[in-house]
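A.B. asks: Generate coordinates for the entire structure from the input sequences, incorporating the hints supplied.
Chains A and B, in that order, give the protein sequences.
1 is the number of the first residue of the first sequence in my numbering; add one for each residue after it.
1 is the number of the first residue of the second sequence in my numbering; add one for each residue after it.
Note that these hints are calculated values from the structure, not bench results.
Bear in mind that the values here come from a model prediction, so they are computed numbers and not experimental data.
Think of the CB as a built atom: it goes at the ideal place given N, C-alpha and C, for glycine as much as any other residue.
Check each hint, because a few of them may be wrong.
Said to hold, decoys possible - What the simulated footprint calls covered on chain A by chain B, stretch by stretch (three residues with Cβ under 8 Å from a Cβ of chain B suffice, anywhere in the stretch; the number is not a length): (1) 8-18; (2) 21-28; (3) 31-45.
Stated by the list, open to error - Below, a sample of chain B positions facing chain A; criterion: calculated Cβ distance under 10 Å: (4) L33; (5) N179; (6) V180; (7) W184; (8) L187; (9) S191; (10) A193; (11) I194; (12) L197; (13) Q199; (14) V202; (15) G203; (16) L289; (17) T307.
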Amino acid sequence: MKPLLKIISFAGLLLSIGPPILLFAGKMEMDSMKLWMGIGMVAWMSTAPFWINKPSGQ
Amino acid sequence: MSNRFFKKIVGGTNEFERTPVPEQSLKGSRSFLGMYAGEHTAGTEFVIGPLFVAHGVSAGDLVFGLLIGNLLAVLSWALITAPIATAKRMTLYYQLERIAGKNVVRWYNLVNALMFCFLAGSMIAVSATAVGIPFDLEMPTLTDWFPRTAGWVVTVLLLGAVVTLVAIQGYSQVSKFANVMSPWMILIFFSAAIVGLSQLGVGSAESLVSVAQEVIWNGVPLPGMSRFSVWHVIFFAWFCNMAMHIGMSDLTILRYARSWKAGFAVFGGVYLGHFVAWIASGILYAVFLQANSGSQEFAPGPIAYQTLGIAGAICVVIAGWTTANPTIYRAGLALQGIFPKVATWKITAVVGGITSLAACFPALVMKLLDFVALYGLLLMPMGAVIFADFYFSQKMGFRSEGALSSKSEFSLPALMSWVLTLAFCLGLNLFYGVEIFFLGLPGWFVAVAIFVALSKVKYPVSKSLAA
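C.D. replies: Structure representation (structure tokens):
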């Protein structure tokens, strides 16, 4: 389960930085960028708490 | 990992409060790297970057000033704070108690707690600017000192109540949440810079330079704002955390370091938060000013929302909240040092009340640069006292840890060093017009000199030996 959560978390981070880069490169519109960043935020917030603070991280 | 470590340091279940940290509890530099990265990418960053733009800093001054100022800050942590922290391995409060005595530390705690309340208040106000977006709340402007509308007061008080209730529950959950949010928030700052530059029409290295110089940091202050030079940037970047490095607050954190070299770990945090994040939030504000020509509104929430959408607004709420919450908790701990018999939740509730009231006044946000400088300046002399006691007691011939060695709860040299240094700084400001950002450096030397001179009189070594 944890590997899947991590994959979703990192996808969330990717969606937080990728769309702005695409916007800068002229490959994405502003509204789409904001939408994808919102989705990335939800992906990160809903999965990262389940693995980032766990004792195995010590 | 850094969260558990941080909780151990500032949490109510703090260990080794009155004993040196033992060998088995020491941490490597990596623990500090993560913690400092999170600490310095916070709600304040959404305000400081835009205020540099408002104060008309030029692009070259900003980049050069931040590079130099942050380097000086890192060196202060690594060469001044960390060696003492790893040699003594005691909390700031206990070390200060041994040098200055309990009665002086009580006053220090009171000042510290008040400053924490105001800092937390400014962060609640920052969060409120984002929370108010769906309600079309009228936002404060750059020159506002008092609340504009009843809606602002209600929003801030409600938000303050929520933050206080969470703080009463303890530090742990919010600390964990902040730890989770840290990597995402750092990326949001990078995204803000990229999107902002795109909106300002940057498409090449040449256009980046011209937009930076002519649009973002064009060297022209907004109406009603003073103009900042490269010296302002250098000294602000160096001293915005003055309470932590030369003020020695971070003795409490760095005492866990295996080696004094861990002080250099702050490098990552400072350059992410106080370089990348300040530049990014400045770019965001420039985009806002371009889209709202002549606007005096200064509200990080709408500024981030306009460029990054809901992710930007949520980032402002979280950054403000996760900064305000531990700050309220720390203020509570400082006050508990004065009123040890009062229940923690009652103290936290009082602190939360003061914080929420303070948050109603936008002046705390608009004057954040001045406030941060004042906060560091007020606490700095006690850091100088610790420094002087550690390095000069033997060389200059006075007893180290004067209060402890004389079994007193009050040390005159420490108190006078604090009070006279602040009087000296006030004099420089009032009579010579030296701005608050530049007072810390001369003040530190004055504090050291006063403490050494008075300690030689009050705690001479020969007297001790004779006794």
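A.B. asks: Could you run down the list of hints and mark each one as holding or not?
C.D. replies: Right, here's what the structure says about each hint:
For a cut-off of 8 Å, the count of residues in the segment 8-18 of chain A with a CB near a CB of chain B stands at 4, and the three-residue condition holds. Counting residues of the segment 21-28 of chain A whose CB lies closer than 8 Å to any CB of chain B gives 3, which reaches the minimum of 3, so the coverage claim holds. Interface restraint, the segment 31-45 of chain A with chain B: holds (9 residues with C-beta to C-beta distance below 8 Å; minimum three). Because the closest C-beta pair between B/L33 and chain A is about 14 Å apart, greater than 10 Å, the hint is violated.
Proximity of B/N179 to chain A holds as hinted, the smallest CB-CB distance being about 6 Å (cut-off 10 Å). Interface restraint check for B/V180: the shortest CB-CB distance to chain A comes to about 5 Å, inside 10 Å, so the restraint holds. Here the hint on B/W184 is kept, as its CB sits about 5 Å from the closest CB of chain A, short of 10 Å. At a threshold of 10 Å, the smallest CB-CB gap from B/L187 to chain A is about 5 Å, leaving the interface hint in force.
Taking 10 Å as the C-beta cut-off, the interface hint given for B/S191 holds, the closest approach to chain A being about 4 Å. Annotation: B/A193 was flagged as interfacial toward chain A, and the flag holds, the nearest CB pair being 9 Å apart, inside 10 Å. Of the supplied interface hints, the one on B/I194 holds, with its beta-carbon coming within about 4 Å of a beta-carbon of chain A, less than 10 Å. The closest approach between the C-beta of B/L197 and any C-beta of chain A is roughly 7 Å, which is under the 10 Å cut-off, so the hint is satisfied.
Hint on B/Q199 holds. Least Cβ distance to chain A is approximately 8 Å, under the 10 Å limit. Here the hint on B/V202 is kept, as its CB sits about 8 Å from the closest CB of chain A, short of 10 Å. Of the supplied interface hints, the one on B/G203 holds, with its beta-carbon coming within about 9 Å of a beta-carbon of chain A, less than 10 Å. Hint status for B/L289: violated, given a least beta-carbon distance of 18 Å to chain A, over 10 Å.
The criterion of a C-beta within 10 Å of any C-beta in chain A is met by B/T307, whose closest approach is roughly 9 Å, and the hint holds.
In this structure, the hints that do not hold are numbers 4 and 16, in rising order.
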